[in-house]
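The listed protein sequences derive, respectively, from chains R and V.
Each number in the working numbering comes from the position in the first sequence (counting from 1) with 101 added on.
Each number in the working numbering comes from the position in the second sequence (counting from 1) with 101 added on.
Zero decoy hints are in this set.
In this list, chains with the same sequence are indistinguishable; a pair is considered to hold if it fits within one copy or across any two.
Cross-link-like lysine-lysine pairs, in silico, PhoX-like; alpha carbons within 25 Å at most:
| hint | residue 1 | residue 2 |
| --- | --- | --- |
| 1 | 121 | 281 |
| 2 | 255 | 293 |
| 3 | 349 | 264 |
| 4 | 162 | 349 |
| 5 | 293 | 398 |
| 6 | 359 | 398 |
| 7 | 281 | 184 |
Derived from the structure by calculation, the hints contain no laboratory data.
Number of protein chains: 2
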Amino acid sequence: MGVVIVGSMAFDTIHTPFDKRERVIGGSCIYASIAASLFDRTGIVGVIGDDFTEDHLKTLKERSIDTDGVIREKGKSFFWEGKYHLDMNTRDTITTELNVFENFDPVIPESYKKIPYLFLANIDPPLQLKVLESMEKPGFVLCDTMNLWIDIKKDELKKVFSKVDCVVLNDEEIRQFTGKPNLLQGAREIQKTGPAYVIIKKGEHGASILGPGSFYFSAPSYPVEGVIDPTGAGDSFAGAFIGYMAAKNKNSDTDIIKKALVYGNAVASFTVEGFSIERLEQVSMRKIEGRIEAIRKISEF
Amino acid sequence: MGVVIVGSMAFDTIHTPFDKRERVIGGSCIYASIAASLFDRTGIVGVIGDDFTEDHLKTLKERSIDTDGVIREKGKSFFWEGKYHLDMNTRDTITTELNVFENFDPVIPESYKKIPYLFLANIDPPLQLKVLESMEKPGFVLCDTMNLWIDIKKDELKKVFSKVDCVVLNDEEIRQFTGKPNLLQGAREIQKTGPAYVIIKKGEHGASILGPGSFYFSAPSYPVEGVIDPTGAGDSFAGAFIGYMAAKNKNSDTDIIKKALVYGNAVASFTVEGFSIERLEQVSMRKIEGRIEAIRKISEF
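Given these sequences and hints, build the entire structure.
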């Protein structure tokens with residue numbers, strides 16, 4: 102079937118209470134595409150600067166990730182520097198340099214337009230809309246966002262939500278978007294803006310998904326005692342989710358949707374075990390299946 | 102088999118963002134004993150003042166809860182007044198009047214001493230120790246506490262932990278007790294102080310339990326969209342947990358332990374649907390089984 106992912110391609114400098122990495126590869130599009138490519142053919146849309154070398158792209162190409170939608174501009178790639186607090190759940194942004202990402206104007210290659218699965222990772226909502234409109238009737242669209250856009254572009258974001266099948270938000274974003282303290286009530290309100298499915302990301306507590314009618318499903322995260330770097334956990338969760346959906350190609354089968362959520366949790370659990378993509382890129386399907394079985398074991402009664 | 106529960110018997114004035122109740126029945130011992138009595142014979146140990154009428158005790162006696170361990174003292178009963186924030190997860194204490202609870206000296210009736218299941222709800226750790234030592238080799242002891250005791254009586258609390266089979270703490274208490282940001286690492290550290298099992302209460306995100314070897318289990322909470330009053334959720338969770346354990350009387354059977362956790366979640370989900378015990382006291386086993394099946398459905402894949 103195939104997946105198209107649009108998002109950021111970046112360098113990150115990451116400080117944790119225990120360690121630090123400078124200018125490692127990052128960005129939602131990178132994490133999500135590596136995760137999705139574990140399950141299905143994946144093409145990406147993004148922008149990079151001169152500093153993003155052919156070697157960096159090779160990492161993606163080795164996974165058969167299609168980079169035809171990647172534009173190279175003069176200048177530096179998007180750069181983010183952040184510092185995680187002791188709880189590893191919260192973080193402060195130290196620096197955000199948009200660089201070539203500032204004028205990102207995603208162009209969808211002809212070869213992508215008929216691909217049925219689309220993940221709009223966290224970018225400016227009008228750009229998400231543009232991408233959505235460039236595709237020829239995608240069968241399933243997943244959409245992420247961030248607190249910034251809820252703050253300053255809520256109307257545009259609502260327009261995006263009204264045109265997608267599933268949104269993925271963390272608990273704080275749901276509360277921020279709806280003003281509802283109760284996550285379920287909040288997710289229900291977001292569902293009313295359009296998407297049939299709303300995924301609630303709860304970090305170390307796992308993820309839940311609300312769907313049509315009374316459909317609701319909740320999966321614990323795989324218990325990781327040694328979290329090294331949480332960066333990209335949400336993006337690799339979303340990438341694995343849509344990759345699994347694409348591989349199965351049965352959008353209205355709730356068993357598939359449940360499993361997609363669990364695969365998302367399993368893949369994200371690898372991401373946080375290393376800095377940047379260093380652990381994610383070593384993941385095999387055998388290892389993922391091992392974690393799926395572990396998650397089953399810890400939630401079955 | 103039977104359960105003994107020691108804890109507070111109180112009146113609460115509860116403010117939520119939406120409503121208020123004055124001087125309603127509360128206290129850990131009340132919530133936990135009603136929950137436990139759904140599963141097995143339950144006796145309580147506590148202290149009440151003149152204001153705690155026979156009518157209040159009748160509520161317990163109608164459930165065949167043994168009140169032989171309840172002492173009536175001259176004066177007022179323990180009183181707590183609190184205000185929940187908009188998120189209904191956090192609260193501020195407005196008033197705590199210990200009253201007769203200040204000099205609480207629990208005395209275990211002879212008829213209780215051979216009862217094998219004991220729940221030490223949140224009271225002063227030296228009193229928990231005294232109760233523990235008054236019992237004749239209980240087969241399974243569950244222990245709760247609060248941030249205050251972790252702050253000011255950590256050594257005594259450690260002594261209690263070293264003598265019990267299971268402790269039940271929320272995520273903040275685990276982080277406070279251990280200084281570990283990672284909940285699993287924290288729970289593992291608490292396990293090393295003595296208890297074979299550590300329950301992590303995660304409020305709306307459910308509960309997890311860590312046990313000997315690689316035993317770990319996680320269950321979502323039943324999704325309640327209309328939380329009315331969270332007071333007593335943790336106590337009724339713990340009461341249902343130990344009540345179920347007592348009814349089954351197979352402490353080393355991990356399937357029973359998993360189910361006890363899910364029954365705890367199910368019973369707590371009723372408690373929060375009403376103020377004080379008003380919803381908890383209407384719960385039937387048929388209704389509980391309905392929620393167990395619902396929790397199974399939302400976590401099975």
